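Q: Residue numbers (numbering that gives the first Met the number 0), protein chains in the order written: chain A, 0 to 325; chain B, 0 to 325.
If you are wondering where the hints come from, they were derived from the structure by calculation, not from laboratory data.
One should not assume that every hint holds.
Unchecked claim - Cross-link-like lysine to any residue pairs, in silico, SDA-like; alpha carbons within 25 Å at most:
#, chain 1, residue 1, chain 2, residue 2
1, B, Lys113, A, Glu273
2, B, Lys267, A, Leu150
3, B, Lys285, A, Leu150
4, B, Lys285, A, Asp284
5, B, Lys113, A, Asp284
6, B, Lys285, A, Asp112
7, B, Lys285, A, Asp238
8, B, Lys267, A, Asp112
9, A, Lys267, B, Lys113
Just so we're clear, the structure is a prediction, and the values are computed from it rather than from any experiment.
Here's the letter readout for the chains.
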Amino acid sequence: MVGWAIAVHGGAGVDPNLPTERQQQAKQLLTRCLNLGISALRSSASAIDVVELVVRELETDPIFNSGRGSALTENGTVEMEASIMDGNGRRCGAVSGLTTVKNPVSLARLVMDKSPHSYLAFSGAEEFAKQMGVEREENDYFITEDNLGMLKVAKQANSIVFDYRIPTTGYESCGVGVESPIRMNGLPISVYAPETVGCVVVDSQGRCAAATSTGGLMNKRTGRIGDSPLIGAGTYAGDVCGVSCTGEGEAIIRGTLAREVAAVMEYKGLGLQEAVDFVIKERLDEGQAGLIAVSKSGEVAYGFNCVGMFRGCATEDGFMEVGIWE
Amino acid sequence: MVGWAIAVHGGAGVDPNLPTERQQQAKQLLTRCLNLGISALRSSATAIDVVELVVRELETDPIFNSGRGSALTENGTVEMEASIMDGNGRRCGAVSGLTTVKNPVSLARLVMDKSPHSYLAFSGAEEFAKQMGVEREENDHFITEDNLGMLKVAKQANSIVFDYRIPSTGFESCGVEVESPICMNGLPISVYAPETVGCVVVDSQGHCAAATSTGGLMNKRTGRIGDSPLIGAGTYACDVCGVSCTGEGEAIIRGTLAREVAAVMEYKGLGLQEAVDFVIKERLDKGQAGLIAVSKSGEVAYGFNCVGMFRGCATEDGFMEVGIWE
């Protein structure tokens, strides 16, 4: 028997000028989600059930970029994606291109448990959703005023949002009154904030699980897939740990970030925090990202190389922390 | 300066009763592709250009399961996917759900080089293809008589094709006159043979690259994505090596197979062949798969834990080998 541990995140890369009120709302949501998970863990729920439960809550709340409140495509619509992995057996499920599914992480779970495949996308995923009878809504249910505004700003900035960092043009006209604004993916962080959500859990049996969910990049091309639904990139869980990442999609994909944490623990014998620090430092090159992780021995850790990451962690011995900045 | 090396594959998991004529055709195609690559390498082409060139040839030829000759979805259509990775900088591109693009690997290359994203799928990928002006065909260009027949058999066998190995039912009625047929993905290998294609190259500068392309699983659900377009699973390339995998999709995804070869070289100091053997032995559990790999020092290697893999390898010092069985 091991002490359980849980971590949640709402995205790495935060506007340092984020209004205090929004910071408070974000911390309240993270706290609520942690408590939801803690409650379930105290009732001996399994890691895989807890990560799904918690990410559902994050998707349902419009605050972060997943489910309702997702970032918008260039066409002003929502295309959601998610993945989930059960460290116990390394089973996994993923979905992309969802337009009507209220809780993408739950559909990813159904792909894992109830479909003959590991990853379903776009109209095929939507069909599967209909067959499974999951809760569905019209696409505009997921669209918020906030994000409509962000999309407008992104388009005005006349920048294409990149998966990797390259110099942007036009940010000076994007309405952000900051000199040399901090940028991610080529846009000022006030316009583009990943806000992908995720949860990692190790339960009392020492089993790890991880799940990640997102609407993707603001102003993305329709059909664009990021790191969140990709096993080994945005999400990974094995015997030794569970990991969920957020940040610049290409950096996470080319760095196979989530798998990397586990790989250095397995092959270099690093402990969890060491592994997280190593990966953030060595695998990202110029990319910006963050991640949360738990280990089979009840530890929890996080790391990020950008300005801020919305996160919260808790362990069975009573430790609990919610934060945004370093 | 390093001796260049190249390997190609046409799928792991081969029907031991494959007619000799088909075995010959397959070996001729592999030989032709190797020679194409060798020619380019002798003209100092870069690894990334060579893998694209060779995979294009494999896609164009109807023999294996990619481009024309792709496996069919449950609806009798073709949905193709591919990924490509340049070890020099670890840049990558991927596509899924293509229905009209003659050479998926080239669209994946364009995603990497000319789009703001890393992975495009379904209608978004098709739109990008139109904008890029790549060669396109009607979906039925990709459908062959052979595969229409296979789809019929798969449906008659009344089995769903799984991404992971579970006991199959109904194979006794699928018309295969073999007792206890070898199965992959729940179907007898005579009906289902992955035949995904791929190429890995290390050029004279010691740069590695990898590319993988496929039509996916026979009788798959529309929208199903396999391992081939997933960076770290079906394809990976970095400073130390380039890898392309084939076989049971879920096994490759949950094992992050392609990245694993590089990880054990980087973190455990294994040589290329050791790494390939280790990964095939330790990371597949009950899954069946194979892979080809090259290292920055000009080595080439392959491994598989199933019956047969269509492959060919060559190195600058004149070594050349094409094979199917152990």
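Q: Check each numbered hint from earlier against the structure, then list the numbers of those it violates in ascending order.
A: When the structure is compared with the hints, numbers 1, 2, 3, 4, 8, 9 turn out to be violated.
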